[in-house]
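> Knowing the structure of chain A, use the given hints to seat chain B with the ligands on it.
Chains as they are written, first to last, in our numbering: chain A, 88 to 595; chain B, 138 to 404.
Hints were generated in silico from the structure; no laboratory data involved. Hints are all accurate, no fakes.
If you want the ones that stay clear, here's a sample from chain B, every Cβ over 10 angstroms from chain A, calculated: (1) Gly271; (2) Lys302; (3) Val316; (4) Glu358; (5) Tyr363; (6) Gln364.
From the structure, some residues in chain B lie toward chain A, with a derived Cβ separation under 7 angstroms: (7) Asn186; (8) Leu188; (9) Arg215; (10) His224; (11) Asn226; (12) Val228; (13) Arg230; (14) Ser239; (15) Gly243; (16) Gln247.
Cβ-Cβ distance ranges computed for the label pairs, FRET-style: (17) A:Ile435 / B:Asp150: 16 to 26 angstroms; (18) B:Ile245 / A:Ser433: 31 to 41 angstroms; (19) A:Ser433 / B:Asp314: 36 to 46 angstroms; (20) A:Tyr585 / B:Ile147: 57 to 67 angstroms; (21) A:Met408 / B:Tyr148: 48 to 58 angstroms; (22) A:Ser433 / B:Ile147: 19 to 29 angstroms; (23) B:Leu197 / A:Glu502: 17 to 27 angstroms.
We put the CB at the ideal spot given by N, CA and C, even for glycine.
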Amino acid sequence: MSKNNNISLGHIPEEIRPPSRIPPYLAAILSAIIPGVGQILGHAVRRGIILLGSFLSIMGLVIWRFRLAAPRDVGVFNIIKKGLHLEPILILVTILIIVLYVLIIIDAYNIVKVRDRTPIGAFFMVIIVFFALGWQIGDINLYTFFSQADEAIPALSKIVWPWEKAITQDVDYVRGYALIEIPCSDNPPPPSSATEGEPLLIANPTCGNLTVDEDHPGTLLHLVGKDFIPGIEADIMWKDPIRNEFRQRSEGHYVKVIPDENGDFELDIHIPYRLLPPSADQPTYIWKVFAQQVATVGSKHLSSDFKNIVERMIETIFIGMMATFFGVIFALPVSFFAARNLMSASPITLVLYYLVRAVLNIIRSIEPLIWAIIAVIVVGLGPFAGILALTLHSIAALGKLYSESIESISTGPIEAIQATGATWVQTVMFAVIPQIVPPFVSFTIYRWDVNIRMSTIIGFVGGGGIGFLLAQYIRLLDYKSAGMAVWFIAITVAILDYVSAEIRAKFV
Amino acid sequence: MLEVRHLTKIYDDGTVALKDISFSVAEGEFLIVIGLSGSGKSTLLRCINRLIDPTEGEILWNGVDLAQLQGEELRKSRRHIGMIFQHFNLVNRSSVMTNVLSGHLGYISQWQSILGRFPKEDKIKAWEALKRLGIEDQAHKRADELSGGQQQRVGIARALMQEPKMILADEPVASLDPVLAHSILQHLEMLNQEDNMTIICSLHYLDLVQRYATSVIGLREGRIVYQGSKEDILAMTDEEFKDIYGEEAERVGSGLEGNITHEGGEA
Ligand SMILES: Nc1ncnc2c1ncn2[C@@H]1O[C@H](COP(=O)(O)OP(=O)(O)O)[C@@H](O)[C@H]1O
Ligand SMILES: [Mg+2]
Numbered sequence: 088m089s090k091n092n093n094i095s096l097g098h099i100p101e102e103i104r105p106p107s108r109i110p111p112y113l114a115a116i117l118s119a120i121i122p123g124v125g126q127i128l129g130h131a132v133r134r135g136i137i138l139l140g141s142f143l144s145i146m147g148l149v150i151w152r153f154r155l156a157a158p159r160d161v162g163v164f165n166i167i168k169k170g171l172h173l174e175p176i177l178i179l180v181t182i183l184i185i186v187l188y189v190l191i192i193i194d195a196y197n198i199v200k201v202r203d204r205t206p207i208g209a210f211f212m213v214i215i216v217f218f219a220l221g222w223q224i225g226d227i228n229l230y231t232f233f234s235q236a237d238e239a240i241p242a243l244s245k246i247v248w249p250w251e252k253a254i255t256q257d258v259d260y261v262r263g264y265a266l267i268e269i270p271c272s273d274n275p276p277p278p279s280s281a282t283e284g285e286p287l288l289i290a291n292p293t294c295g296n297l298t299v300d301e302d303h304p305g306t307l308l309h310l311v312g313k314d315f316i317p318g319i320e321a322d323i324m325w326k327d328p329i330r331n332e333f334r335q336r337s338e339g340h341y342v343k344v345i346p347d348e349n350g351d352f353e354l355d356i357h358i359p360y361r362l363l364p365p366s367a368d369q370p371t372y373i374w375k376v377f378a379q380q381v382a383t384v385g386s387k388h389l390s391s392d393f394k395n396i397v398e399r400m401i402e403t404i405f406i407g408m409m410a411t412f413f414g415v416i417f418a419l420p421v422s423f424f425a426a427r428n429l430m431s432a433s434p435i436t437l438v439l440y441y442l443v444r445a446v447l448n449i450i451r452s453i454e455p456l457i458w459a460i461i462a463v464i465v466v467g468l469g470p471f472a473g474i475l476a477l478t479l480h481s482i483a484a485l486g487k488l489y490s491e492s493i494e495s496i497s498t499g500p501i502e503a504i505q506a507t508g509a510t511w512v513q514t515v516m517f518a519v520i521p522q523i524v525p526p527f528v529s530f531t532i533y534r535w536d537v538n539i540r541m542s543t544i545i546g547f548v549g550g551g552g553i554g555f556l557l558a559q560y561i562r563l564l565d566y567k568s569a570g571m572a573v574w575f576i577a578i579t580v581a582i583l584d585y586v587s588a589e590i591r592a593k594f595v
Numbered sequence: 138m139l140e141v142r143h144l145t146k147i148y149d150d151g152t153v154a155l156k157d158i159s160f161s162v163a164e165g166e167f168l169i170v171i172g173l174s175g176s177g178k179s180t181l182l183r184c185i186n187r188l189i190d191p192t193e194g195e196i197l198w199n200g201v202d203l204a205q206l207q208g209e210e211l212r213k214s215r216r217h218i219g220m221i222f223q224h225f226n227l228v229n230r231s232s233v234m235t236n237v238l239s240g241h242l243g244y245i246s247q248w249q250s251i252l253g254r255f256p257k258e259d260k261i262k263a264w265e266a267l268k269r270l271g272i273e274d275q276a277h278k279r280a281d282e283l284s285g286g287q288q289q290r291v292g293i294a295r296a297l298m299q300e301p302k303m304i305l306a307d308e309p310v311a312s313l314d315p316v317l318a319h320s321i322l323q324h325l326e327m328l329n330q331e332d333n334m335t336i337i338c339s340l341h342y343l344d345l346v347q348r349y350a351t352s353v354i355g356l357r358e359g360r361i362v363y364q365g366s367k368e369d370i371l372a373m374t375d376e377e378f379k380d381i382y383g384e385e386a387e388r389v390g391s392g393l394e395g396n397i398t399h400e401g402g403e404a
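If we strip away everything but chain A, and leave its shape as in the complex, we get:
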């Protein structure tokens, strides 16, 4: 037997292997030809197979990655050259593989020579190579992570603090306009006249020509505004004959004016440059020039995005609740069929037990999101699909947990209550129920918690709830609304976490 005084880090003593039939140097040579073979023939069979298997899979992966980096090149040398050039990590991987190769040869020599030691250097190297490969396959790039973080900050800060979007105020447009004929005809429109309660914009003249280019500016118009809202910026805008609105520019800036304390202003503008579509072939058209103010009206109130999010959040909580509810109702009877101690009475029930267990395991191993995709195909988009998916998964998960707690009932108390002369019903009430109710309650609450978490994302695949909205906001790059949704999810889940932990602590 092995000598215990050989114990040291990196050398795990195991039972001495049978003596090798080949000498150490031959083992080393064999492992140099095919890594691991030296160990196998040197009676360290399992070690040899593991090393050989690892080496072969590493080689396979590396060849794949090189090929992927240089898909169009021909010739081994060219492919390697291109691969190393495009994917510098492959250089490191290649070096590590060479080190591994050498270590396996040394390992073959040592394992045959020193029979009561099991060096782990080669295995350690295998792990390092896999790690390096994983880095390359996973396309891990810390440089992009840090260099692009700056660009993400505006979006992220919207998500972190999105609440300006929770509140809005309705706006009203205040406009005063004048009709302008372009080009001038014999009878241009009359100047605008005042209307009660509305601002007035008077242009002089009321006809003219469009700007052609920098050297030929349009007709100079003198605009006089009256009865606008004092102190609020007004944009000068145009409406062309085909009813497109656009803003007046001057030297590259939009033209704005702030009315004085009486709500009056005066300014000069050139009729702007504007191309009309070829179909506009009448000799003269009436355009509108106008000054527009944006005035807030009414009090601040919650935005429609905010309301939407709240509504969907409520929907989400109910999806989770209904799924838990249905899950419990179906899982209760199912769990009795999945409890071995109840089903081992006869071969038929035992077959049923294995069947139920197998079905539950299959359902459980498929993620709720995938079930949701299937449910959407069946019942269409919306919360019902989410409820179906989560219900199915809950039945399987709860069925298993419930049946396990039925299996772990201890028979002692049942026997003891029976011995007092209690009836069957009384025995169930006093010895069985108290044993299964607390774990059932605990598992149910746990499941409720899981279901509400799941229902927040089930909407990503169309299963209704807040996830649906969140996915939409992210696609529209509306990070503030997305941020509000994320906040609601986080708050709800946190509250739920706390509540469910509290309730469960009372029952277990």
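Just chain B with the ligands, lined up with the frame of chain A:
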């Protein structure tokens, strides 16, 4: 008067656990059953209250053959036979009070018990049982919060609620340390002497047997190999004891016999 005649138990798998056992116990006796593990002690006790159905034989108790009873009659007879277990067999998650009250289930209507309601007298009775065993202050704790010795006393209180004429105790002290063993057995002795209950108890330790038994039977491989009175057992030497009992026989330890108080060793 309990009279067991030609009792045989063969389990479904063919194990012969009891073979033609006959003995009798007078009312008010403290009968201790000794024997190696696997000798059939538990099987014997469980046949008496019919947790196990005997294969053959009669168990006459005050003229009624317990072995023949079924259904309601069996249930009614069980009410008068308390049972105490090695592992206490309490419902862990229920309160001590509920555990004790459940000893009285045989006397109350099914509907009443489904609602979890017990008559007020029952609660008083349960309280008194707990008080008698010195654990009334634990009444509202969960059963599994109690120590082993306390749990076994709850087990005895539960049996007391049955108003039993006989108590079966299957290795009641095997899970407890020696000091507690005495405490528990003294409670049983108290019931035996004050209430004139018949006690049938299986035990492991010679000194406990000598201290508490008024009569003894020894089992080996399902047969009775020793039958003796208190005098016989007091006169028995360790060697003779080992002879019947086998090498497992042991004493709890010197100096502990006798005068341990009821609360001894328990915090
Ligand atoms: N349910 C059972 N099925 C089959 N054999 C059993 C069963 N219970 C006990 N036995 C066997 O019956 C014999 C007596 O067991 P038991 O009465 O538990 O002995 P003791 O309580 O003295 O240790 C043992 O051989 C045991 O293996
Ligand atoms: Mg036993």
